[in-house]
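All chains, please: the whole structure from these sequences, using the hints.
One line per chain: the protein sequences are A and B, in this order.
Residue 1 is where the first sequence starts when you use UniProt numbering, and the numbers rise one by one after that.
Residue 1 is where the second sequence starts when you use UniProt numbering, and the numbers rise one by one after that.
Watch out, some of these pointers could steer you wrong.
[To be verified] Away from chain B, derived, C-beta distances all over 12 Å, residues of chain A: (1) Gln-50; (2) Trp-74; (3) Phe-168; (4) Asp-182; (5) Trp-267.
[Unchecked claim] In silico DSSO-like pairs for lysine-lysine, Cα to Cα no more than 30 Å straight-line: (6) Lys-308/A <-> Lys-153/B; (7) Lys-110/B <-> Lys-335/A; (8) Lys-63/B <-> Lys-39/B; (9) Lys-577/B <-> Lys-567/B; (10) Lys-567/B <-> Lys-335/A; (11) Lys-335/A <-> Lys-579/B; (12) Lys-268/A <-> Lys-153/B; (13) Lys-341/A <-> Lys-153/B.
It should be emphasised that the hints constitute simulated quantities derived from the structure, not laboratory data.
Everything numeric in this text was worked out from a predicted model, so none of it was measured.
Idealized CB from N, CA, C, for every residue including glycine.
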Amino acid sequence: MLFSMLRFVSVCLIAALFLSSVAHASDANSTSSQIQPLAIESIILDIATQGSTTVAVGERGHVFIFDSEKEGGWTQVATPTNAHLTKAFFITPKLGWAVGHDATIIHTRDAGLTWQLQMGSPEIEKPLMDVFFFDESNGVAVGAYGLFYRTSDGGTTWLSEYHEELLFEEDISYLAELKAEDEALYLSERSALLPHFNRINVLSSGQLIMVGELGLVAVSDNQGKQWTKVDFIYEGSLFNTIQLNQTIFVMGLRGHIFQADLDLGSWKEVILPVKSTINGALPNNDGGLILVGNAGVIIDVPVEGKSKVIQQRQGENLVAINQDPQGHIWVAGTKGLFELK
Amino acid sequence: MLDKLVNGLESYLFRHRAFVILVFLVTTVFLGLQASNLKMDAAFIKNIPLNHTYMQTYLKHQKQFGGANSIMVAVEDTSGDIFNERFFDALKNVHDQLFFIPGVDRAQVKSLFSPSTRFTEVVEDGFAGGPVIPADFSTTAAGLTVVRNNIEKAGIVGRLIAEDYSAAMVTAQLMDFDPQTGEPLDTLAFASQLEEELRTQYENDDIKIHIIGFAKMAGDVADGAKGVVLFFLIAILVTAVMVYLFSKSLVLTFLPLACSLIAVIWQLGLLTVVGFGLDPMSILIPFLVFAIGVSHSVQMINAVRRRVADGKSTKSAAASAFRSLLIPGGIALLSDTVGFLTLLAIDIGIIRELAISASLGVGVIILTNLILLPLVISYTQVTPPKRSHDPSNDGINHIWKKLSAFATTKYAIWVLVITTGLYALGAQQASLMKVGDLQGGAPALHFDSRYNQDTFYITDNFSITTDVMTVIVEAFPEACTYHSVLTEIDEFEWLVGNTPGVEATASLASVAKRVNAGFNEGNPKWQVLPRTTASLVQAVGRVPTTSGLLNGDCSVMPVYLFLQDHKAETIELVIDKVKTLSAEMDSEKLKFKLASGPVGVMAATNEAVAEAQLPMMLYVYGAVFILCLLSFRSLRATVSVVLPLYVVSTLAQALMTLLDIGLAVSTLPVIALGVGIGVDYGIYILSTMAVRLRDGMPVQEAYYEALVERGSAVIFTGLTLAIGVSTWFFSALKFQMDMGILLTFMFLVNMLGAIIILPAIGAFFWRKPKAL
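Here it is as structure tokens:
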């Protein structure tokens, strides 16, 4: 009896030691990404290129670098995050950033080989959706519920901004009332009332354009410090914007894509053959666009004439499309990367 | 003392021989009546190792998540397109028919027509959705177009609809007990209902019905097993011819066969008495009983004839044969019985039943063939063989003379060298023996059987596999509302999913992520587990408990692993990965437990079988060793009987490797059966030798006399046994074929071992006379 008690105690002790060391180990791992064989087939949300560098980012902090010399081309690299990475941006072939959920920002100085964590705030429970740099030091990162950060030191420090000017009018008055009554509720409502900022881009005019939830289209002349909402004809979410020659396109939910001249004065809908959400766009060789979207659609939008679905992939949503320096066109989505031929 | 007992028994039995025969007759009639009530029986539960830890998990959660006992019916339109009236009518009929077959868990019947088959889509102001087949469905072109669009939105292509829209699926879970009567589900009756009420009724030139699932397989296996009746008749016929050639007497052909058939009747009758049915595996036992019975009978008639030839009357010859054979025959049969009983150590119902029915059968032979047979013979008039004038006898004795050279050291050394070499090669191959099923489809059936063709059809046309293993995550009530819990499950699922052999995975975590993306306008950038509790609850809340991804209070959440196949290596790899991960990730509040699903069951069975192999061998060899030691009272005699057996069972394992036969529930018992029966030869040969060796006769001479006395009977026995089981080679069931090949091998080669290796060992053990 005594013996079995002793044995039981010692087993417990061993178990406790074992468990604590495991817990420690998994703490260390819990925030970094893991290299896994199927990572390349899991959700990949963006492909960024700059010079000779091509980098893709996706779920669980996965980052891949492309090397055309290598068999298969893509290699997964380690990152200090396991957050769902939504977007990557390179200002030079070496310097780049990737952003994602839990307000995560990671940074590379060696063309994507190694990454450092610049920001990660799970507690605010909001994802970043895009990142853009004006030069090596100055950049902005935007995200859900009007999340907006700015850096002027290459990302060492990121400061939050609140772009009240993008609130809806009725929300402005509601917030004003609330502020007087209940400070705490005011703060929480304030942080949730701005629309999602889904995509930020620079126009040939030097203006910034940002698109987002509830038909948000806004422009800024001063690197996003002050925004002006553009009158827009659609109230659904917009996920992407691209400039092609003198035409600006915005696109989003359920097959909606609109075009306008550089002055953004009047919008015209481009009729697509499907009602799938459009996520990514790339200029094609003929001056038109290739669009990718949910339900696996790849659509060719010529300069003149009707758009048509050139491929529809079963059971996956396509999110991003880009061309590497060698001219391969890559498409990323919920089943990873593939080359469009 | 033993001799006294035997003598007493002899004089008692032979004095009351009429009465004793009457008792046998009455018993045979009674047990024959019992045997006529014997039913085929193939319960799922009998095939699994119930006490294995995986199976404990399986049984614990079986009610909530269904077990491994599911049935899939694919309805195929041979035109290649399902969107027509004929097909939808057929599909609805199949769905309804399956729903009403007793034993089906009605809540879990799923197809296009079940109300739980719904679609959802994202629109500007939220979700829209409804049943895939709307309430006002009609099989018009417009109605079918609506359904086609809904199917695409519902994301059920590959699951309920074939990838190329040429077929649709109806799935159901079976209950182990009929809820109305509380009786265990009659799997075979269920299977024939599937065949009659689904396949026969709805299959035609345009519509094909493919049915898979354990119950259907068991039904097909039982149907295939019925073919053994024919094999049994063939075995009887061939054996009869052989016995006649051996005995050259119709009476002495008839009596051994009759006594052996009486043993079979007793064995089958006793099965009913102890409450067993006959399942496709233990249906092979009557063959063994018959063959063993005949081989012992042959020893008996051989002994009687010799004594008659020596001038005794038939009656006293029979009595004397009884006396001389009761001990060696009894020991041999006892060691058969013990060999079978060792199988009881294996915790799989079907093997235990096999053990019991086989030991009953062999035990019965002691009565029918060692007692009844000589009593009946004593009533007949046996003509003595014309020994000295029979040229064929001289021929045989000449062969025995040559064979006896194996008992000289000169030849023995070569026998032993070759045996050692064979053993070394065999052991090397045997170590490569695989555990589990080595081919796709249902391993019990042949590759080209209808069932396996249906399996391949379904796995080719649907992204469904029957090779599913489920890891059960046990947490605490409302666990799924915690981000940390779902993140752990998600992490586990991802890491297991990255194991080679795992083709796809599903869990509440991964589905909740997709639902969350759905709540965010279908944007893949939101395909995450939301940190906000409200959003998480919203996402999880859309997943119904009927999905099988969570229980009512989400304290239990299975992770489904879809594997590329159910080969033993694949299963092992995945099981190892799950064990590593659960060792790392298990905590007080969250446990990842193996295993459910068909492959979970296979994993447990493989482990149980692999674990049982060594103990089983130890028990069976231990038993044989002790029995030999008791009967010969000599270690060297025991070793010379057991060693050849061991070499042969190693060679049998090597044969399994070479023929790609895996160690499975059906092949595991073969070694025990082979050793238990194979020992007979050695016992018969050596028991004759032992008397002479004790009298100081040199080995070669003793061996020669043993051959003259028993040699032809031993060879005959080996051939009879081999013929009985080799008919299984033509069985419709793959496992019967495997068992047939292995048993034939063991019976023949053990016989060779007894007449070649045994004397060779003896040549060294008893170089000096009187050394025993």
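Status of each hint after checking the structure:
1. The beta carbon of Gln-50/A sits about 22 Å from the closest Cβ of chain B, which is more than 12 Å, so the claim that it is off the interface holds.
2. For Trp-74/A, the non-interface assignment is confirmed: its Cβ lies about 16 Å from the closest Cβ of chain B, beyond the 12 Å cut-off.
3. With a minimum CB-CB distance of about 16 Å to chain B, Phe-168/A clears the 12 Å threshold, and the non-interface call stands.
4. Annotated as non-interface, Asp-182/A keeps its C-beta farther than 12 Å from every C-beta of chain B; the closest such distance is 20 Å.
5. Distance check on Trp-267/A: its Cβ is at least 17 Å (rounded) from any Cβ of chain B, clearing the 12 Å threshold; non-interface status holds.
6. Restraint check: the Cα-Cα separation between Lys-308/A and Lys-153/B comes to about 21 Å, which is no more than 30 Å; the hinted pair holds.
7. Restraint check for Lys-110/B and Lys-335/A: the C-alpha separation of about 27 Å stays at or below 30 Å, so the hint holds.
8. A hinted pair counts as satisfied when its Cα atoms are at most 30 Å apart, and Lys-63/B with Lys-39/B qualifies at roughly 28 Å.
9. Annotation: proposed proximity of Lys-577/B to Lys-567/B holds, straight-line Cα distance about 16 Å (limit 30 Å).
10. For the hint linking Lys-567/B to Lys-335/A, the alpha-carbon distance of about 27 Å falls within 30 Å, and the restraint holds.
11. A threshold of 30 Å between alpha carbons decides the hint, and for Lys-335/A with Lys-579/B the separation of about 28 Å falls inside it, so the pair holds.
12. Proposed proximity of Lys-268/A and Lys-153/B is supported: the alpha carbons are some 29 Å apart, at most 30 Å.
13. Restraint check for Lys-341/A and Lys-153/B: the C-alpha separation of about 27 Å stays at or below 30 Å, so the hint holds.
Hint compliance for this structure: every hint is met.
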